[in-house]
Amino acid sequence: MSMSLYSSLSVLPLYSNSTHLQHRLSHIQPLNSLITASNYSTSRPSITTLHLPPRNRKVDITCCCSMPVEQVSSPQLQGLLSYSRAYWVSRSLIAWDVDVGNGSCYLYASRTAGLVLTDDGVQGEDVVIKLEDYNGGLQLNVIEKFPHICSYRAFKVPLNVDVKSLLKCQLAVASFHADGLCTNATGLQLPGVLDDLFAYNGPLGAVFTEEAVSLSLWAPTAQVVRACIYSGPSGGNPLESVLLEEDNGVWTVNGPRTWEGCYYVYEVSVYHPSTLQIEMCTTNDPYARGISSDGMRTLLINLDCDNLKPEGWDGLADEKPLLSSFSDISIYELHVRDFSASDQTVRPDLRGGYLAFTSQDSAGIHHLKKLSAAGLTHVHLLPTFQFGGVDDEKEKWEYADTNKLATLPPDSDEQQAQVTAIQDKDEYNWGYNPILWGVPKGSYASNPNGSSRTLEFRKMSLNRIGLRVVLDVVYNHLHGSGPLDDNSVLDKVVPGYYLRRDKDGFIEHSACENNTASEHFMVERLILDDLLCWAVNYKVDGFRFDLMGHIMKSTMGKAKSSLQSLSKENNGTDGSKIYIYGEGWDFGEVAKNGRGVNASQFNLNGTGIGSFNDRIRDAVLGGSPFGHPLQQGFVTGLSLQPNAHDHGSKAAMDHMLAVSKDHIQVGMAANLRDFILTSHSGEEVKGSEVLMHDGIPVGYASCPTETVNYVSAHDNETLFDIVSLKTPMEISVDNRCRINHLATSIVAFSQGIPFFHCGDEMLRSKSLDRDSYNSGDWFNRLDFTYETNNWGVGLPPKGKNEKNWPLIKPRLADPSFKPQKSHIVAAVENFFNILRIRYSSPLLRLKTANAIQQRVRFHNTGPSWVPGVIVMSIEDGHDGMPGLAQLDPIHSYIVVVFNACPTEVTAAFPSLQSRTLQLHPVQLRSTDEVVKSSKYEAFSGTFTMPSRTTSVFVEPRAK
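Position one of the sequence shown corresponds to residue 11 (the working numbering), numbered consecutively onward.
FYI, nobody ran anything at the bench for these hints, they're computed from the structure. Please read these numbers as outputs of a predicted model, since none were measured by experiment. Just so you know, even glycine gets a beta-carbon here, dropped at the ideal spot from N, CA and C. What you were told as hints is all true, and nothing was included just to trick you.
If you anchor each label on the Cβ, the simulated ranges turn out as follows: (1) G809 <-> H888: 57 to 67 Å; (2) D324 <-> L894: 42 to 52 Å; (3) W407 <-> V252: 35 to 45 Å; (4) E694 <-> E947: 27 to 37 Å; (5) D889 <-> H519: 53 to 63 Å; (6) Q923 <-> S571: 43 to 53 Å; (7) D324 <-> P419: 53 to 63 Å; (8) E221 <-> K578: 25 to 35 Å; (9) E914 <-> W815: 35 to 45 Å; (10) I686 <-> E424: 49 to 59 Å; (11) L701 <-> H888: 30 to 40 Å; (12) D107 <-> L207: 21 to 31 Å; (13) K696 <-> P652: 28 to 38 Å; (14) D824 <-> L894: 45 to 55 Å.
Mimicking DSSO-like on lysine-lysine, the simulated pairs with C-alpha atoms at most 27 Å apart in a straight line are: (15) K330 <-> K319; (16) K166 <-> K140; (17) K568 <-> K857; (18) K330 <-> K469; (19) K380 <-> K828; (20) K435 <-> K808; (21) K513 <-> K174; (22) K602 <-> K570; (23) K819 <-> K414; (24) K570 <-> K857; (25) K831 <-> K380; (26) K831 <-> K942; (27) K813 <-> K828; (28) K414 <-> K404; (29) K380 <-> K857.
Using the sequences and the accompanying hints, generate a full structural model.
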């Protein structure tokens with residue numbers, strides 16, 4: 011039969027007749043005698059004799075494992091070993107989606123990676139082991155860990171096999187029909203058995219004592235590990251090259267204390283499934299805390315050294331800004347380089363780096379101080395760990411000629427051409443390319459070698475200006491993989507373990523690239539250890555998890571518990587004040603719990619861990635980042651002032667507007683799944699019963715701090731840009747500025763955690779760039795002097811934006827779109843005011859779901875609603891009176907009115923009659939004359955609401 015026919019049947023004719031197979035396998039029986047580790051010692055002879063149990067007599071098998079086997083099979087046959095479709099899930103079980111019928115299955119191992127498929131089957135092995143068919147199926151704990159293989163057949167590994175030694179070999183399994191035909195063969199995925207046999211909680215990385223420095227590396231599949239110690243960050247021969255000794259998968263060596271300040275690399279001899287060879291991998295320490303400027307060597311740095319502690323460092327925990335409750339948090343997302351790269355008030359040598367945050371008289375620091383004074387609590391820094399995409403050695407950077415760029419037309423494509431020509435050689439990247447999670451990024455330091463990056467990161471602390479600091483952590487993927495990639499670390503140390511693989515054994519890439527597998531014990535442990543390192547050694551106040559849904563829920567729960575167990579007394583950090591949140595998107599191989607219960611929005615219910623609320627973002631602005639860019643939303647003109655996009659009939663637009671209002675109201679009630687409100691159709695529904703277009707519930711949280719409300723972030727267009735894109739071409743820049751403010755005020759006055767992208771308050775533009783991760787300083791510029799918002803600096807980079815250039819170009823070319831300094835200053839003042847209002851009353855920051863359900867009401871509801879208007883009230887109790895407890899000593903009742911209409915609206919709400927409401931004092935004192943025209947008439951409960959304005963009314967307590 012031809013190979014093509016066999017391929018279609020998934021049957022491989024490795025043996026042309028059963029007689030040949032019987033002869034080849036006549037020596038192989040289920041093992042009842044121990045295969046010892048001595049069979050795998052590095053000094054063993056090349057000819058190995060294994061004593062196998064007799065059938066009727068004793069038989070010896072002689073394996074010439076060091077002699078090459080001539081490969082005579084077709085490339086298609088040999089390619090099967092490139093796959094790893096079987097899973098060694100525990101010490102005793104292998105799972106494989108194969109039907110052996112009445113046949114049998116065998117495990118092959120070669121310490122020299124000599125396995126090949128020939129027309130005589132798998133050859134080049136040191137050991138062949140017959141596997142027993144296990145009728146009990148996969149155990150429950152295995153299925154919980156690997157749900158995607160729950161239907162796989164289970165094969166039992168004999169108890170007398172030295173599994174730990176086998177795991178250092180190239181491994182394969184093959185199945186045979188009873189008539190002798192080999193039906194399948196494949197490599198194995200090992201994380202399950204590695205976790206079962208080698209899970210470890212002891213020291214890893216470099217540990218310093220008074221007399222010595224010890225190195226420990228978890229590498230259970232490695233055959234040899236060597237540490238090369240260098241005096242400097244590059245060049246020269248090693249001072250020492252020392253072999254590490256293994257104990258149950260952990261390789262260790264003790265060295266003199268004089269190693270401190272030196273650099274080292276590991277040389278790991280290990281089988282790598284991507285090359286099917288034993289590789290000598292040169293790599294950094296996964297637990298590195300310092301690194302050389304070229305990223306090639308790990309620095310032996312003692313983070314407890316007094317020389318690395320800024321003045322007052324040990325007592326910083328006592329100087330942290332007050333944080334009474336997580337519900338008091340507000341977050342401001344900022345990129346380290348964006349903050350100062352263009353700030354002329356910062357010394358040139360400090361711009362774009364950690365030390366710019368120590369420039370107390372700079373425009374940027376003055377702006378942060380004003381935000382803090384208005385109530386902002388946290389600054390979220392985009393990735394600051396060691397990432398790829400920006401060389402740490404500044405002298406290698408290339409720069410665009412900004413003077414020339416500034417002379418070009420606002421809609422020219424020349425700016426983006428010059429920026430993208432050097433984008434992989436310049437100074438800019440967001441940083442979502444993780445290489446080493448536990449090392450501060452060197453390009454932000456004045457000297458990327460030595461200890462500067464550690465000391466300067468610590469000096470960056472914003473606590474002393476009243477702000478806590480959140481780090482953006484990217485544990486869901488890695489920048490490098492394989493044995494040869496300079497950016498690969500974890501995949502060189504234990505190949506095939508740290509990265510999540512598909513059913514064929516290839517790395518999953520749904521989380522950008524090289525997805526990690528937190529469901530594996532030592533991956534989870536590395537994540538937890540890294541979090542504790544940043545919390546204790548850098549006194550970080552919170553963590554934002556990139557693509558958190560790709561991490562297991564159990565890992566996130568352990569992260570929260572580990573962090574909150576920290577204390578000032580024992581760790582110099584109050585872990586109870588550390589807040590964690592992230593992107594709970596549910597997609598890729600982890601979707602619908604495909605790899606275990608993941609940290610998705612719905613699964614996090616009840617954990618107290620925050621997740622970004624994309625529902626309120628899409629309802630406020632319209633569409634989604636993946637839809638048509640002109641799709642309008644509640645504040646951008648849907649139904650009320652349509653743009654040129656076809657949204658359907660007027661009735662369809664009215665319906666979409668009403669649905670958007672429901673989504674926003676659920677979001678403003680902290681996106682609680684059990685919050686009860688009246689929908690646009692007049693029904694009483696829970697937040698979880700309000701559905702998106704695809705039938706997914708809007709509400710998913712069980713407490714307010716599980717919801718992070720936002721309308722813009724570093725991803726996608728800035729708020730001002732998306733408003734400029736979605737609103738009709740003919741409206742004025744004044745109105746676009748008001749819409750910008752209206753959107754941020756919805757976030758600010760929602761229950762839950764408000765999140766703002768740096769620059770939202772300054773009308774920040776990236777010239778309509780929808781993904782500026784690698785668009786250089788030019789498109790990412792910030793101006794804290796408020797002179798410009800960076801609008802109209804050329805067409806955004808072609809790669810992610812070209813298809814929208816026809817929409818973008820006329821907007822950039824129109825000078826009326828560009829805000830003036832007066833617009834920016836007014837926007838900044840309005841933003842400060844909404845923060846002041848949020849922090850003027852605890853009613854706007856309720857702590858529990860019950861409090862929100864009891865106190866928050868929406869009034870403009872049902873089918874007779876006034877389109878484009880949201881009216882929310884928050885009620886307080888009175889001391890000494892039955893009913894609600896009193897929370898606010900100043901105000902007993904608050905009404906917030908959002909009018910997205912292009913015209914003033916007057917409407918009466920009987921449920922709000924006869925109150926003593928007045929415009930909030932902050933708005934009465936503001937420079938915004940429009941909001942001052944807001945009115946309330948008590949007799950009828952009538953509100954006069956200016957167009958595109960948020961008005962806050964309060965009822966003062968009787969004095």
